[in-house]
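*Asks:* In order, the protein sequences belong to chains V and L. Using numbering that gives the first Met the number 0, the letters of the first sequence correspond one by one to residues 0 to 422. Using numbering that gives the first Met the number 0, the letters of the second sequence correspond one by one to residues 0 to 422.
Simulated from the structure, these hints should not be mistaken for lab results. Careful: at least some of the hints might be erroneous.
Pairs count within a copy or across copies, as identical chains cannot be separated in the list.
Using 27 Å as the maximum straight-line C-alpha spacing, the simulated DSS-like pairs for lysine-lysine come out as follows [unchecked claim]:
| hint | residue 1 | residue 2 |
| --- | --- | --- |
| 1 | 285 | 132 |
| 2 | 126 | 86 |
| 3 | 367 | 285 |
| 4 | 228 | 367 |
| 5 | 349 | 132 |
| 6 | 287 | 349 |
| 7 | 86 | 285 |
| 8 | 291 | 349 |
| 9 | 349 | 6 |
| 10 | 291 | 86 |
| 11 | 291 | 420 |
| 12 | 287 | 420 |
| 13 | 228 | 291 |
| 14 | 228 | 287 |
| 15 | 126 | 420 |
| 16 | 6 | 132 |
| 17 | 349 | 285 |
Number of protein chains: 2
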Amino acid sequence: MKKNKSKAQATGLLYAQSGGVTAAINSSAKGALEAAVAADRGRVLAGSNGILGVLEEELVDVRACGSRQLAQLRNLPGGAFGSCRYKLPDPHQDPRPYQRIADVFRAHQIGSFLYNGGNDSQDTTSKIAAFCKSAGVPVACVGIPKTIDNDLVRTDCCPGFGSAAKYIATSVAECALDVASMARTSTKLFVIEVMGRDAGWLTAAAGLAGEADSPIMLLLPEVPFAATKFVRAIRQRVSQHGYCIVACSEGVRNARGELLASRGGADAFAHVQLGGAGSVVAQLAKEKLGLKYHLAIADYMQRAARHLASRTDLDQAEALGKAAAQWALAGHGGVMASVRRLADSPYRWKVEAVPLASVANRVRQVPKTFISADGFSITAAARRYMQPLISGEDWPPFRAGLPVHRLPRRRLVARRLGAWKRK
Amino acid sequence: MKKNKSKAQATGLLYAQSGGVTAAINSSAKGALEAAVAADRGRVLAGSNGILGVLEEELVDVRACGSRQLAQLRNLPGGAFGSCRYKLPDPHQDPRPYQRIADVFRAHQIGSFLYNGGNDSQDTTSKIAAFCKSAGVPVACVGIPKTIDNDLVRTDCCPGFGSAAKYIATSVAECALDVASMARTSTKLFVIEVMGRDAGWLTAAAGLAGEADSPIMLLLPEVPFAATKFVRAIRQRVSQHGYCIVACSEGVRNARGELLASRGGADAFAHVQLGGAGSVVAQLAKEKLGLKYHLAIADYMQRAARHLASRTDLDQAEALGKAAAQWALAGHGGVMASVRRLADSPYRWKVEAVPLASVANRVRQVPKTFISADGFSITAAARRYMQPLISGEDWPPFRAGLPVHRLPRRRLVARRLGAWKRK
């Protein structure tokens, strides 16, 4: 951790959400913002729609939310203050956005910046920190991890993953019972398409829904898809169990590294941004084996399903947010808050700081030791790793049959700069 | 209700599940089978894989399950004893299956037959009752309704619907928060395809996730799809809210009555049995408005999601099962157990018997008074009707992060007849 000693750190804290949201990201917001309010040092702000709100000086006054609204963030899916997909340019190519961010930090006396995102975002945080320092605006920048993809390095897991994994594993277990009870005369193949472009962690979580010898089959991006082997494996499972459940990652690729979603019959459909791999493999099984199939695409449901969040995940998300705020306020920047596993069972973990630079732009795939020899299942080691992450329930309050979703007040602080022109 | 007086009613009771299962069908099994065991009259059996188990004389000895397993049925999705899609022929065309069923009833001293299914099944129950009577095997046949489609007449609602509706409404509310928080720079259109071939009840339930003026838009089978009007409505919502959520029934049809799923761009995809309407409308919006979209297909997840079942639904399912068993054991057949609504708020209801013949083969669609003038939303009357049906939670037990699913023991009773030849 670097401590900025050259110039007094400003007292304000700014928190922003970045990239795809999760069922747990608002728990990190809760942890960070409650800690910042409790520290009672200076302004506590949140970027409206993530880094865009910083560029456009649309900054939410977090104190105006009050303690009750902050506490309720834990129950809220989506991004409470808005997130965005907005890639900052290389600062050497185009320093203007960085200059603007530094200006906004200075204008609002921001000395602590918390960026809650995935691996791209951790890189951005590093760049912002470096730029601000060079511009004479010392800011302690701390990353808070977040991604249902679970693909950040240097942390036991990523907030959002445990909840999405619990949702996928539960849904697969429930659907497997449905299919099993009808398979004699109806659907024998059920395919569920799961998110995860480069890493198959969420698809692997579907494996938790059954034992080693179950009819559940996984198609991971880490394992090149081979049609003949796939068809043979389905035939074997249908013959043994009467049915087969396939959890198919949207990022499955063939041996040439091409996404299944962009090949053959799926071309006409051309949903590269949506997946499509599930329909490709289902169609293939139908053609080769004549099996009636059903297809589900979990899509945003899997990352928004706060109703089925993992308590462990929410706890970790909150603890990471809290630690990040405390470190930043103490002037310790250049780090990401991460989870370190101390024991599998019972699961014990602690929060620690890892250098942002060691996390940025890297992807952690499902390791070989977690994948069975045939590539279609998970190993006992994978179960040991994932099982604690989906553990514990945290049912949100319901009223009139639906979860109570209370958005925090988004009162913006007064602007102190001119309008930001994106060019 | 008809009471068989001509010949003494045999003491055994046989329960069977029929057609697509739901999150609540096992609650009906619990209600029926616990009541039958408590009556302590004779054998209590369940068809293995529905009516197929009756034809093939694969009959589960329910008493061998024990009271604990029967109580746990409430927590189990799928069909605990197996269901099937198996259409019995017209008895005048081919009486053989009916003869066989009557033979099985006689061989196992069955005097009460409970058939747990949708509108086809209620018709089948009538036919079985009539045939048995003519064959000198008086059996009190009672129907227990079940279908997530909620399309049976003569009942306030169908067990299974409330839970699936709660799941759809909750999922849409959660996804709407996700989309709202990212819409500025990411997905502006989210389409979720919902089950319901002929009736749009489940799609209508998505409307519960937002107020009247929300960005949620419904495409019901009851409203002919008009492309121009649809595109205009999406544009208006995106302009007003920044995003649009479309809940699209798999059964949406154009003005000529053709399923959207079997038209144009979806032909190559050719998933008539799977839907496909969602991808057709999403593609259309993308072409006409250039909107980035995401597509979810809830498929079996929506009918298997016991983890998010409606307590009201489970209670009704159980009460209907219990009443059906009690009526049948008392010799009152030819009826279906149904729910009668006494008051909307607080919701009050009672179980009553309606003639099987008045239910068979009829479909109840969403009435015009429940659909807004533009066809894309639900009215206050629809909310008053649906809201109580999704109310109350009934979280199943979880262990190690996953719901505990205990299948009942399926010990078969000894065969008393020769093998059934399907011809």
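*Asks:* If a hint holds in the structure, say so; if it doesn't, say that too.
*Replies:* Evaluation of the provided hints:
no.	hint	verdict
1	285 to 132	neither (59 Å within a copy, 44 Å between copies)
2	126 to 86	within (12 Å within a copy, 66 Å between copies)
3	367 to 285	neither (30 Å within a copy, 39 Å between copies)
4	228 to 367	within (19 Å within a copy, 52 Å between copies)
5	349 to 132	neither (30 Å within a copy, 71 Å between copies)
6	287 to 349	neither (50 Å within a copy, 51 Å between copies)
7	86 to 285	between (41 Å within a copy, 23 Å between copies)
8	291 to 349	neither (48 Å within a copy, 40 Å between copies)
9	349 to 6	neither (32 Å within a copy, 74 Å between copies)
10	291 to 86	between (43 Å within a copy, 17 Å between copies)
11	291 to 420	between (55 Å within a copy, 24 Å between copies)
12	287 to 420	neither (56 Å within a copy, 29 Å between copies)
13	228 to 291	within (19 Å within a copy, 35 Å between copies)
14	228 to 287	within (12 Å within a copy, 41 Å between copies)
15	126 to 420	within (21 Å within a copy, 75 Å between copies)
16	6 to 132	within (10 Å within a copy, 96 Å between copies)
17	349 to 285	neither (48 Å within a copy, 46 Å between copies)
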